[in-house]
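S.K.: This is what each chain is made of:
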Amino acid sequence: MPQEPPNDGMSRRELFKLIGLTAGSAAMYQAMTSLGYAAESGYKGPIKLEGDPKGASVLILGAGLAGLTAALELRQAGYKVKVLEFNSRAGGRNWSLRGGDTYTELGGATQKCEFDEGLYLNPGPWRIPYHHNGLLDYCKRLGVKLEPFQQLNHNAFLHSSKAFGGKPQRIRAFKTDFQGHTSELLAKVVKKGQLDDVVTKEDREVLLQALRSWGALDKDYTYKAGDLTAEFRGYDKDPGGGLGAEPVPGQIIGLSDIVQSRLWRSLTSFALYEFQTTMFQPVGGMGRIGEAFAKQVGDLITYNARVTKIDQNDKGVTVTYEDAKRPGAMQTASADWCVCTIPLTILSQIDIKVGAAMQAAIGAVPYASSVKVGLQFKRRFWEEDELIFGGISYTDLPIRQISYPSTDYNTTGKGVLLGCYTWDGANSYEFTAMSPEERIKRVVEYGTQIHPQYAREFENGISVAWHRSPFTLGCAGDWTDEGRKQHYDNLCQIDGRIVLAGEHASYIPAWQEGAILSSLDAIGRLHKRVLQG
Amino acid sequence: MRFGVFLMSLSVLATTSIALAEPPAATLSPGFKFTEQTGETLYANVCQACHMSKGEGAVGAGRYPALANNESLKAGGYPIYAVLHGQKGMSPFGRMLSDDQVVAVVNYVRTHFGNNYTDAVTAQDVKDAR
Chain R
315 MPQEPPNDGM SRRELFKLIG LTAGSAAMYQ AMTSLGYAAE SGYKGPIKLE GDPKGASVLI
375 LGAGLAGLTA ALELRQAGYK VKVLEFNSRA GGRNWSLRGG DTYTELGGAT QKCEFDEGLY
435 LNPGPWRIPY HHNGLLDYCK RLGVKLEPFQ QLNHNAFLHS SKAFGGKPQR IRAFKTDFQG
495 HTSELLAKVV KKGQLDDVVT KEDREVLLQA LRSWGALDKD YTYKAGDLTA EFRGYDKDPG
555 GGLGAEPVPG QIIGLSDIVQ SRLWRSLTSF ALYEFQTTMF QPVGGMGRIG EAFAKQVGDL
615 ITYNARVTKI DQNDKGVTVT YEDAKRPGAM QTASADWCVC TIPLTILSQI DIKVGAAMQA
675 AIGAVPYASS VKVGLQFKRR FWEEDELIFG GISYTDLPIR QISYPSTDYN TTGKGVLLGC
735 YTWDGANSYE FTAMSPEERI KRVVEYGTQI HPQYAREFEN GISVAWHRSP FTLGCAGDWT
795 DEGRKQHYDN LCQIDGRIVL AGEHASYIPA WQEGAILSSL DAIGRLHKRV LQG
Chain Z
5 MRFGVFLMSL SVLATTSIAL AEPPAATLSP GFKFTEQTGE TLYANVCQAC HMSKGEGAVG
65 AGRYPALANN ESLKAGGYPI YAVLHGQKGM SPFGRMLSDD QVVAVVNYVR THFGNNYTDA
125 VTAQDVKDAR
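So the protein lines, in turn, are chains R and Z. Going by my numbering, 678 is the number at position 364 of the first sequence; the sequence numbering is gapless. Going by my numbering, 122 is the number at position 118 of the second sequence; the sequence numbering is gapless.
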């Protein structure tokens, strides 16, 4: 998910980065906590909706993870449940594109996924932090098998078109050198006594030991190429066996080159709480979660239902919808209560009877722009040629990152890379404005700068630009702090007989955990209201 | 292929009559902000993402309104506001575009796709609406 804009404008993440760089990770964590980012997800185990709803009915709009969670739990609690879904499948943004699937984006372009069996692209969410315990619990309950998702692979690349002559740098080497140089600098000033006003005499010696250990410094507190640093950053020639097996340590990168390359910006993508190990992915694609939910509650879902109006009075809710396959064929569905998970980009255009405060909130949340492109290659050259097993390479090119599959390691045969993943910024819109074929063509061209093998090994690709997604018109709620202050509570409150849920009604937007926690909170409050009569 | 000339540099485009006959190349800006300057290129690389190549808009679960023959564009202040601040399904672009870029794209949309509003907006109008 989110990446930071590469320059301009201080996003929340830019701010964290700055705090992290100038004050260290403890200060960063403290800042994040006080801004509400790093708290635990708040999941308290399976929801208990105790008490008899006495046959009350609930109409759920949207069969993404928020809607599916509500459907599962409310039926369990004794409600009569019905779900209306725009797509012809369940899951919403929880979705995997596999060989044989077709996808038609707004504007009418249809792509057929030509991946080989077992290969897929997750156009939406693709990784699960270990602390998203609500989502993890549903995976457990629904029997969705997980495997580790590699966020950090020390042998993947950091790449800048403007540094090191465009030559990609191994994360292990860059990170070790960055750490080594900064440790050496800090050790220097500590030894000179220049920090004596903030470092006590007792701490001084221990701090120097720590810097030596952390930075791979020699006995003189110097960071320099040699056997010691090679043990961290890797070798030009790895140690081997038999004759001529002696290792050759590599040269280190100079401090100025490190700083000026700005490659250090990408290191935060591994340090942030939401990206820390262990991360997970479902075996076979993220879409397995929506599919598993649909096995449980699929019988409740009406597909191809395009909601056009949401009305309510003191007796119940009536929703008008159109059969998306037969435009003009209008139908209505009624229930005592409504859980609406429709993305705000769409809900803001629907005639919905709610108070002015909720109405304003619905119209106040822009959606992030994001583009993903999956590329199938004839062979897993990143493993065979470059020893990159999973993980992500980051670049300043418009493709922003290349992610290597976290599954089927060390096998022969084909593989699919995530060849582009933009998040906001100019390139996201620019890629969206292109035809799907053009996106793929450009992504392959850019990727070739990092992996020249692209040119020979590329077979086919598929792209999803979220602002052209017919069922979301954008990627995810992109709240500003001011917007949240003004509208968030109004968005989440129950309005008459309607309550909203989804990642947009959470403090972890764009994450599936946000959708689930929002849904559980909404139905918990709704249930209380129902029992009150 | 629509963007068949994208490898050609701008200087080549400017001096080659054949290239000039081609549609403008798709741009990928080097930073967070858009670098396209003309109304035409801004439209083709930004607005077109949602409002489509002929300003026809699109319909899914929700819709992107057509900009073609759109009477809401009559008052120049409205598209300026929408571009800067966004509304409903539309993203705000104020942080990603200069005043001059907003002027260029608003005037372009108001004089193309069947629209003929010739009272051009100015950089001052944009500045005032920020």
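Keep in mind that the hints were calculated from the coordinates and are not lab data. Even glycine gets a Cβ: it sits at the ideal position worked out from N, Cα and C. Treat the hints loosely; a few may be bogus.
As the list claims (entries may be wrong) - DSBU-like, lysine-lysine: derived pairs with alpha carbons at most 30 Å apart:
#1 Z:K92 with R:K623
#2 R:K755 with Z:K58
#3 R:K394 with R:K755
#4 Z:K92 with R:K368
#5 R:K476 with Z:K37
#6 R:K396 with Z:K92
#7 Z:K78 with Z:K58
#8 R:K368 with R:K799
#9 Z:K37 with R:K755
#10 Z:K131 with R:K426
#11 R:K667 with R:K481
#12 Z:K37 with R:K481
#13 R:K799 with Z:K58
#14 Z:K58 with R:K639
#15 R:K623 with Z:K78
#16 R:K799 with Z:K78
#17 R:K639 with Z:K78
#18 R:K667 with Z:K131
Stated by the list, open to error - Covered, in the sense of this in silico footprint (three residues per stretch, anywhere, with C-beta under 8 Å from a C-beta of chain Z), are these stretches of chain R:
#19 387-396
#20 429-436
#21 784-792
S.K.: For each hint, tell me whether it holds in the structure or not.
M.R.: Consistency of the hints with the structure:
1. For the proposed pair K92 (chain Z) and K623 (chain R), the alpha carbon gap of about 16 Å is at most 30 Å, so the pair holds.
2. Proximity of K755 (chain R) to K58 (chain Z) is assessed by CA-CA distance (about 23 Å); at most 30 Å being required, the pair is judged to hold.
3. Using a Cα cut-off of 30 Å, the hinted pair K394 (chain R) and K755 (chain R) is violated, with the two alpha carbons roughly 49 Å apart.
4. As the CA atoms of K92 (chain Z) and K368 (chain R) are separated by approximately 38 Å, the hinted pair breaks the 30 Å bound.
5. Among the hinted pairs, K476 (chain R) with K37 (chain Z) is consistent with the structure: their alpha-carbon atoms are about 18 Å apart, no more than 30 Å.
6. The hinted pair formed by K396 (chain R) and K92 (chain Z) meets the criterion: a straight-line CA distance of about 27 Å does not exceed 30 Å.
7. Proximity of K78 (chain Z) to K58 (chain Z) is assessed by CA-CA distance (about 18 Å); at most 30 Å being required, the pair is judged to hold.
8. At most 30 Å may separate the alpha-carbon atoms for a hinted pair to count; K368 (chain R) and K799 (chain R) exceed this at roughly 37 Å.
9. Between K37 (chain Z) and K755 (chain R) the alpha-carbon distance is near 23 Å, which keeps this suggested pair within the 30 Å criterion.
10. For the hint linking K131 (chain Z) to K426 (chain R), the alpha-carbon distance of about 45 Å lies beyond 30 Å, and the restraint is violated.
11. The hinted pair formed by K667 (chain R) and K481 (chain R) fails the criterion: a straight-line CA distance of about 57 Å is larger than 30 Å.
12. For the hint pairing K37 (chain Z) with K481 (chain R), the CA-to-CA distance comes to about 25 Å; that is within 30 Å, so the pair holds.
13. At most 30 Å may separate the alpha-carbon atoms for a hinted pair to count; K799 (chain R) and K58 (chain Z) exceed this at roughly 38 Å.
14. With a C-alpha separation of about 25 Å, the suggested pair K58 (chain Z) and K639 (chain R) falls inside the 30 Å cut-off, and the hint holds.
15. Distance hint between K623 (chain R) and K78 (chain Z) is fulfilled; the C-alpha atoms sit about 29 Å from each other, no more than 30 Å.
16. Between K799 (chain R) and K78 (chain Z), the direct Cα distance comes to roughly 34 Å. Violation of the 30 Å bound is thereby established for this hinted pair.
17. This hinted pair does not check out: K639 (chain R) and K78 (chain Z) have alpha carbons roughly 35 Å apart, beyond 30 Å.
18. Our distance criterion of 30 Å between C-alpha atoms is broken by K667 (chain R) and K131 (chain Z), whose separation comes to about 36 Å.
19. Under the rule that three or more residues need a Cβ within less than 8 Å of chain Z, the assignment of the segment 387-396 of chain R is violated, with 0 such residues.
20. Only when three residues or more bring their CB closer than 8 Å to a CB of chain Z does the claim for the segment 429-436 of chain R stand; here the count is 0, and the claim is violated.
21. Taking a C-beta to C-beta cut-off of 8 Å, the segment 784-792 of chain R contributes 6 residues in contact with chain Z, enough for the three needed, and the coverage statement holds.
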